[in-house]
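A.B. asks: Single-letter residue listing:
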Amino acid sequence: MATMAAPVSGVHAESSSPSGIWSWLTTVDHKRIGILYLVSAMFFFVWGGLEALVIRLQLAGPNMGLVSADMYNQLFTMHGTTMVFLVVMPLSSAFFNFLIPLQIGARDVAFPRLNAFSYWVFLFGGLVITLPILFGLAPNGGWFGYAPLTTKAYATGYNIDYWVLGLQILGVASLAAAFNFITTIINMRAPGMHLMRMPIFTWMSFVVQFLVILAFPAITVALVFLMFDRFFGTNFYTIAAGADPLLWQHLFWIFGHPEVYILILPAFGLVSEVLPTFSKKPLFGYPVMVYSGMLIGFLGFGVWAHHMFSVGMGPVADSVFSLTTMLIAIPTGVKILNWISTMWGGNIRFTTSMLFGIALVGLFTIGGISGIMHSSAPADLQQTDSYFVVAHFHYVLFGGAVFGIMAGIYYYFPKMTGRMLDETLGKIHFWTFFIAMNLTFFPMHFAGLYGMPRRIYTYDAGQGWELFNKLSTAGVILQGVGMLVFLYNFIKSWRSGPVAGNNPWGAPTLEWALPSPVPDYNFAHIPTITSRYPLWDQKADELVKSEAETTVGGRLKTAKELGIPMPFPTIRPLIAALLMSTMLCSVLFIHAGNLPLAMTIGIGSFLGLAFTLVSWLTSPLE
Amino acid sequence: MTRFPRPRLRAGALLAILAVSLAACGGQYPNSTFLHWSEFASDIDFLWDRLLLWGTIVFVLVEAVLIYTIFRFRARPGAAEPKQTHGNTTLEITWTVIPAIILVFIAIPTIRTVFKTQAKAPAGAIEVEVIGHQWWWEFRYPQYGVVTANELYLPAGRTASFALKTKDVLHSFWIPNFGGKRDLISNRTNYLWFTPNDTITAVASNGQCAEYCGDSHANMKFRVYVVKAADFESWAAHQKGEAVFGVAPVAAPAPAAAPGKAPARKGAASGEVALADTTPAAAPTGYVFPADKLPAHVIPQTPLPAGLALDDATLAKGNADSGKAIYSRSTCIGCHAISGNPMSMGIIGPNLTHLASRHTMAAGLYPNDAKHLSAWIKNARAMKPGSLMPTLGMEMWDPMMKMKVTTGGLTDAQIADVVAYLRALK
Chain A
1 MATMAAPVSG VHAESSSPSG IWSWLTTVDH KRIGILYLVS AMFFFVWGGL
51 EALVIRLQLA GPNMGLVSAD MYNQLFTMHG TTMVFLVVMP LSSAFFNFLI
101 PLQIGARDVA FPRLNAFSYW VFLFGGLVIT LPILFGLAPN GGWFGYAPLT
151 TKAYATGYNI DYWVLGLQIL GVASLAAAFN FITTIINMRA PGMHLMRMPI
201 FTWMSFVVQF LVILAFPAIT VALVFLMFDR FFGTNFYTIA AGADPLLWQH
251 LFWIFGHPEV YILILPAFGL VSEVLPTFSK KPLFGYPVMV YSGMLIGFLG
301 FGVWAHHMFS VGMGPVADSV FSLTTMLIAI PTGVKILNWI STMWGGNIRF
351 TTSMLFGIAL VGLFTIGGIS GIMHSSAPAD LQQTDSYFVV AHFHYVLFGG
401 AVFGIMAGIY YYFPKMTGRM LDETLGKIHF WTFFIAMNLT FFPMHFAGLY
451 GMPRRIYTYD AGQGWELFNK LSTAGVILQG VGMLVFLYNF IKSWRSGPVA
501 GNNPWGAPTL EWALPSPVPD YNFAHIPTIT SRYPLWDQKA DELVKSEAET
551 TVGGRLKTAK ELGIPMPFPT IRPLIAALLM STMLCSVLFI HAGNLPLAMT
601 IGIGSFLGLA FTLVSWLTSP LE
Chain B
1 MTRFPRPRLR AGALLAILAV SLAACGGQYP NSTFLHWSEF ASDIDFLWDR
51 LLLWGTIVFV LVEAVLIYTI FRFRARPGAA EPKQTHGNTT LEITWTVIPA
101 IILVFIAIPT IRTVFKTQAK APAGAIEVEV IGHQWWWEFR YPQYGVVTAN
151 ELYLPAGRTA SFALKTKDVL HSFWIPNFGG KRDLISNRTN YLWFTPNDTI
201 TAVASNGQCA EYCGDSHANM KFRVYVVKAA DFESWAAHQK GEAVFGVAPV
251 AAPAPAAAPG KAPARKGAAS GEVALADTTP AAAPTGYVFP ADKLPAHVIP
301 QTPLPAGLAL DDATLAKGNA DSGKAIYSRS TCIGCHAISG NPMSMGIIGP
351 NLTHLASRHT MAAGLYPNDA KHLSAWIKNA RAMKPGSLMP TLGMEMWDPM
401 MKMKVTTGGL TDAQIADVVA YLRALK
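Chain order of the listed sequences is A and B.
Letter 574 of the first sequence, counting from 1, is numbered 574 in my numbering, and no numbers are missing.
Letter 89 of the second sequence, counting from 1, is numbered 89 in my numbering, and no numbers are missing.
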């Protein structure tokens, strides 16, 4: 391994790109869009975390009256919806955006404007779902929105409307982004960047985009049915008209289970970058890691009904879905053991990023084992809809997805901002999160097995659940402390952290050959790749031009000086996203009984959208 | 290398022992899923034990190797560059095959149990129709002609076969002590059966809704009393009969009893309603689960909102006869049925025929006594969010209608009368 000496050479390139609000509103730069995703998702993370805090305070003891039943139901619905759609997915998107072009040696994604459009659509969709809680009108049907509780007959208010519309808007964002990344990964790899040389994060992202494309149509169909039921009087889920509520459940979970892998695979990818770097060893069994990721994605479509063991599907279906669910444990187990083997024999450096990565391996194992416990259909009949399940999926999604993303944030922060996060604060953050996470979620296993159901706003005294709930509440408070430390570190380090240099970790993948932060054109020249670990195996001059060629007067050359054509910034994606959102939301006025206003806003937005799209398509790209 | 991993391993082992010992003791955890009170619960627990065993083995092995690895291979100053291994096919095949084998050991009993527990219920089962409502439970025993609510009596040693239906949204029928749950699906009938152990003489257990069903999902509980077969027969025989109170039927329909119309309160006050002289008869009562044998966890402790319950003096003045009259011409009869009171044939709310024989009310939310009953009649919606039962107390604030009850409200004295009537329905 010819470790490329990557000291703090490299120029801190902060000042070379334009700043100011307008530049952020009009940006089509994948790195800036990645940062927008990151910051927005962190905002929603705090929001969803506060919701969790109120939930836990309400459950701290029996028969508490901190919030009303209705408000509690809004809180748990929004906590789930927020964390799934507005935190973990966009945090993953932040990394897709920021990293994929850098990892494959491209100057941007395939469709930079579409990329900006995806972000703005996500933001508006997120606001449509989250803001109503400020008025006590938030969705209250659970993140799974089971019909018929979400139909007009049982949910007369606006609450569910915001959910139905917001999720459809978010779906557009995810689908547009998925097509964009697939095109980017297939078409825009640097010479020599074979598929089997792609960094593992890009591989996992690639798999995830296919999951998005195949899974989101299912929930879109489900949501369109529900929207038509609620606004236009159709009867897809109308019980009185003989509807079968299982239609919603199947459609939702055909989306919902792949969604779990949409949430976890990017984190797996990030950890697969982090562990080799800090062990100074290549990823153990790279091809198997790729194949197991694909297999998880593929099998992920064949297990949805394990969310429905209690609906009475009959013994054959229960057995089949038990077996497919058990099968999925095999590729997942392989990943765990390959990660451990990556560290085996290495020189492990315990950076904050590495600590989060190692913790993911340990915590996801717990979530995986409790997952196997659900896979056994009869056993699941005691577990489903109890706190045991809440414990399980928080080990998977908090211990897995969030810890993986945290590993990614500590790892890539220097590349994003040019500065290092404070390691001392980082370790305080890690240990508070690690302890708090287990304190919150481990006792839930017991609460569930001792009969505590989910989604209850209160519980009676003397049921044997008090202790577990007290521990969980204490854990969440501790998580809040950890989060404050992290936010402080994040803001402080972004402003005044130590300058990072190109490759502060001695990492092997292509993105670390670039200056930090990365100039808007990414690569002054497109490198030729001959290895899976170019920075460990290739010579520096094969990857980047010498400093003399890329800098002038102590700063990085601009794209213009290098003769690189760059896409123009444009406000059109933002306007298109806004108009698309208002067009969809115009149906809210149908609920209010004001059809003319609904028509006016809807048709007006549509015409505006059409005009914007024409202008978008006819204005020059670069 | 041995310095670090060992204390960690010991901590892990302690944790596992703690987990198992917690699982073993039931007393502290009355709603435990580990009690073998039916063969269904035992079958599931048998599977659980397997899952826990294999899960613990995998957990200990993986975490031990992980912890060993990170301590053994932590970076030391001046260490040589690690050997750049890229993989090992033999190893990777090994840890693909081993989990597959473990899964076979889980899969076989799983599938066996799936087919066993979902087979047809054995012959001679007692049939119970379970109907979910937002947010209470209706139990019907077609073989016995019994209709009751929120309290389920089952004979020990005889299979209970449940037909599960819902009147509105989805619910889920779950009695953790007796086995797994099964959802109530609109426009469908689901089935579930189990056989309470024949060694049981009398146990009381908690059941609850386990599928989110709206506002008061948390408050949709029920009680299960598994009793000796003879006691069950006694209970059922009595429950089948009309309400013990009110042997003589009402001669003529009370005036102003038309549903939807505000009941004429002044009628009651002036004693216009002619009622037969029906004092609560000391009729033979059937078996009821003895109150003094109720374990603490089935006695609701939900706090009663302040200012709702009537004081003892007012309650003591309650007259069952006038209570019946008031009940029979109030909105009560629009929703509730009382067999033996021909005015009361509603089907929206719980059947109240033998209300006073129940230990709890409002779907296991409150103890069933005069105090709670009076508060409930006064303002049910303040006691159970979203309840369909309207706020009836005069001048009370209805949290759903967002208004004060004026016309049609009941005075405290009238409520005391109705409570006296309902308390007489043994």
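Read the hints as simulated data drawn from the structure, not as lab findings.
Treat the hints with caution; some may be incorrect.
[Unchecked claim] The list that follows gives simulated cross-link-like pairs (lysine-lysine, DSS-like), each with its CA atoms no further than 27 Å apart:
id, chain 1, residue 1, chain 2, residue 2
1, A, K539, B, K167
2, B, K402, A, K152
3, A, K152, B, K167
4, B, K165, A, K152
A.B. asks: Next, verify each hint and record whether it holds.
C.D. replies: Comparing the hints with the structure gives:
1. A:K539 / B:K167: Between A:K539 and B:K167 the Cα gap is close to 72 Å, so the pair fails against 27 Å, i.e. violated.
2. B:K402 / A:K152: holds (21 Å)
3. A:K152 / B:K167: holds (16 Å)
4. B:K165 / A:K152: holds (21 Å)
Checked against the numbered hints above, the structure violates only hint 1.
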